[in-house]
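Enquirer: Given next are the chains, with one letter for each unit.
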Amino acid sequence: MRVLIVEDDAVLRDGLRVGLAIGGFNADAVESCEEAEAVLKNHEFDAMVLDLMLPDGSGLDVLKSLRERRDTTPVLLLTARDRVADRIQGLDAGADDYLGKPFDLDEVAARLRALVRRASGRPSSLLEWRGLRLDPATQQVELGGEPVRVSRREYAILHALMIHPGQILSRGQIEEKLYGWQEEVESNAVEVHIHHLRSKLGPGMIQTVRGIGYRLGEEP
Amino acid sequence: MPSISKRLFLILALTTGLVWLSAVVWIFLSTRAEVERVLDARLMEAGRMVSSLIVSQEIQVDPTQTITADLPLRPHTEYDRQLSCQIWSLQGTLIGRSDGAPDEELSEHADGFSETVIDGERWRVYAVTNADLGVRVLVGDNLRIRDGLVNDVIRGLLLPAMLILPILALMIWLSVRRGLEPLRKIAGNLEARHASDLRPIEDVETAKEIVPVLQSLNGLFARVDGLRERERNFTAFAAHELRTPLAGLKTQAQVALASGDHAIRDQALRQIVVGVDRTGRLVRQLLDMSAVEALDQAERSGFVRVGAILGALADDLADTSRGVTVEVSPELDDIELAIEPELFRLAARNLMENAVNHSPPGGIVRCRAATRSEEGRIIIEDDGPGIPDEELPRVTERFFRGRNKAPVGSGLGLAIVELALGRSGWRLRLQNRVSGGLSATIGEMTPAGNAAR
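Line by line, the protein sequences are chains Z and E. Here the first sequence stands for residues 1 to 220, where the numbers follow my numbering. Here the second sequence stands for residues 1001 to 1453, where the numbers follow my numbering.
Careful, some of the hints might be misleading.
Stated by the list, open to error - Derived lysine to any residue pairs resembling SDA-like cross-links, with alpha carbons at most 25 Å apart:
no. : chain 1 : residue 1 : chain 2 : residue 2
1   : Z       : K64       : Z       : D86
2   : E       : K1185     : E       : L1214
3   : Z       : K200      : Z       : R171
4   : E       : K1250     : Z       : T72
5   : E       : K1006     : E       : H1240
6   : Z       : K64       : E       : R1184
7   : Z       : K64       : E       : G1402
8   : E       : K1250     : E       : H1240
9   : E       : K1250     : Z       : K200
10  : Z       : K41       : Z       : L91
11  : E       : K1250     : Z       : A21
12  : E       : K1250     : Z       : R87
13  : E       : K1250     : Z       : R171
14  : E       : K1250     : Z       : R111
15  : E       : K1250     : Z       : N188
16  : E       : K1250     : Z       : D106
17  : Z       : K41       : Z       : A21
18  : E       : K1250     : Z       : R17
19  : E       : K1250     : Z       : K64
20  : Z       : K64       : E       : E1390
21  : E       : K1250     : Z       : R130
22  : E       : K1250     : Z       : R113
23  : Z       : K41       : Z       : R17
Said to hold, decoys possible - With the Cβ distance kept under 7 Å, some of the chain E side facing chain Z (calculated, not the full set):
no. : residue
24  : S1196
25  : L1246
26  : K1250
27  : T1251
28  : Q1254
29  : A1256
30  : V1274
31  : G1275
32  : Q1431
33  : N1432
34  : G1443
Derived by calculation from the structure, the hints in this document are not laboratory data. The structure displayed is predicted, hence computed values, not measured ones. The beta carbon of each residue, even a glycine, is placed where N, CA and C say it ideally should be.
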C-alpha cells in the first residue's frame, strides 16, 4: 500500500515514514503543501497522512483541492489541535479519519489499513483469492492454510493484485506501488518479483496479460 | 467599614440639629431681651401714669392714711397679677396698692429700676417719688411671669420642632439613599457578577461623578482580561506546540522498538536525540516568552553594554561542529542602549541563534553597529538563505515557521525578539541582504517605523 505523509516536523515525518514502512506500507513523505500538491498530481496513493499546520498553509487546503479534483484517496488527518470543532472542520473538508497528536504508530497503521479497506468496499481487511489469504495487519500470506514467506516487495505486489481481484495492473502501476518516488526503480525488478511469487504460490496464481500487465489467475 | 450612607446621614442630621438648636437659642435670647425691653417700658409708663394720676387728683391718696382702697388697676389677662402697684408715703406707710400686690414694700429705692425678692418671688420694680405729695409709687413686674412668657414663646417653637425633626431625619435618610443609588447599583452589579466575568460594566445607569471610577474599573477589567487571554492563548499554544514533537518522539521510539534492523534503530535513536533537543529548546523559548510577557512596565528600564552581552552570547552560540563562527565588532563595546538587560539578552540570543542555525557550514555571523547611512543601531547578519519576501511580514508571528526553517526552529524565536524589544521601546527590522543572508536590525521605535510595520 502506497501512502503519502505530509508533515513538517522532521523527526515525526521521518518516524512515520520508517514506521509505516516497517508496517508494510510504501511510504513517501513531504513537508509542505506545495510539495504535497506537486506529488499528488503525478502519483497515485492508496492513502494519505496529512498534518494540519504546515509552514506554507493549512493541510485542509491540500485536502480541499484534492477533493475538488474528485480524488477520493482516503485521508487521515494528524493534528495537534483536536478539539471537537477542529475535528468536525477536518472531517467536513473531506478527511476520512482524524488522529490527535501524539498518537500510536500502530494505530496510524491500523487506521490506514481500515481506510484502504473501506475505500475498496470490502468488509474485512483480510484479502482472499482461491485459497490464498493475505492479512495486511500482520503482513502474513497463507496458501491453503500453510504460511508462505514473501519479501516486502513481493508482499506489496500481491497486495496490489489482490485488493482489486480481476483487474489488470501494468508494470508501471506495480512499480508505483513498489517504490517511493525518491527511489531508483530497478529495471526488470517487477518481472523478477513475479517470478519468485509464481515459484512460491504455483504458476497459475498470477497471469501475464501480454502487452498489458498482470492479474490474478482465474484457474489453477 | 463605615457606610457612606450612614456617615452622610449622621453628618446631615447633626448639622441640621445644630442649626435648629442655635436658632432656638438665638430666638430665646432675642425674645427675652425684647420682652424685657417692652415690659420695662410698660413698667416705667405704668409708674409714671399712676404718679401723674395722683398729681391730677384722679386717684385720691392721703399720705396720712393707711390703705384706703385697692387701686383700680386690675389686669385680667392670662398673665394675671403681672403688674403690681404700691403707693407709699414718704414716711413709710402703704397708702394704696393694686389688687394682688404684696403688702411688703416692693423696693426701698427712690427712683428707677431695681430687682428684689419677696416671698421667694423675683420682682422687677420701677419707682417714682413725688416729693410734692409726699408719696412714692412702686410698680413691679413678677419676673416668674416674664420668664413664663419667654418660655411660652420657646415652647411654641420647640414643640413643632420635636414633631418636624423626626420627619426631617427620615427625609434626610431617604435623600441620602436616593443620592447614593448609582453607587449601590454598581455595587450590586459587581456583586452579582461571576468571578471570571470581566466584561466592562456598561448597562448601569450612573452619575457623572462615578463615570471616572467606572472607566478606570472597566480599564482594569480590560487589562486583567487581556492578561488572562494571553495566558490562555499561551497555554493553548504551548500545549499544541508540544504535541507535535512529542508525537515525533513517540513514533521514533516505536520505530526503534519495532525494528530488528540495527541501522534503522540507530537512526531512530538519533532522531529521538534531535527531537529531545528541539523540544527542550521549545520549552526554554516558551518560558522565555512567558517571562517577557510577565515583565511589568515598571521593570522595563536599564542600560546594557551591548558589546559585553553579544560577546558572551557569541562564545555560547558559535557552532563548532559545523564551523559556524560569530564575530562581534569592537565598536559595539562603546555602545550602550536604554533597555532592560534581560530583555536585550533574550532578543540578542534568539537573533544570534537564528543566524547561527541558518548559516551554511563554515558561515560567519557578524554583529556590528549600524553605520550612519543605515537605520537602527545594531545589526546581526548571516550568510544563510534569508527569508522569502512574502514570509517577511509573518515571521514574527508566534509559531510561524517559514520554508527556510532550521531543524531546531520552534517558530518562537523571532516572536520573542519582537516582544522583548517592543517592551523596551525598541523594534526589530528584518531584511534580506543583497549579497544573500538575513540582516536583523535593532533600532529605535519611531512613529514612522511603527506605522510601517
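Enquirer: Please list, smallest to largest, the hint numbers that this structure does not respect.
Expert: As far as the earlier hints go, 4, 5, 6, 9, 13, 15, 19, 21, 24, 29, 32, 33, 34 are violated by this structure, in ascending order.
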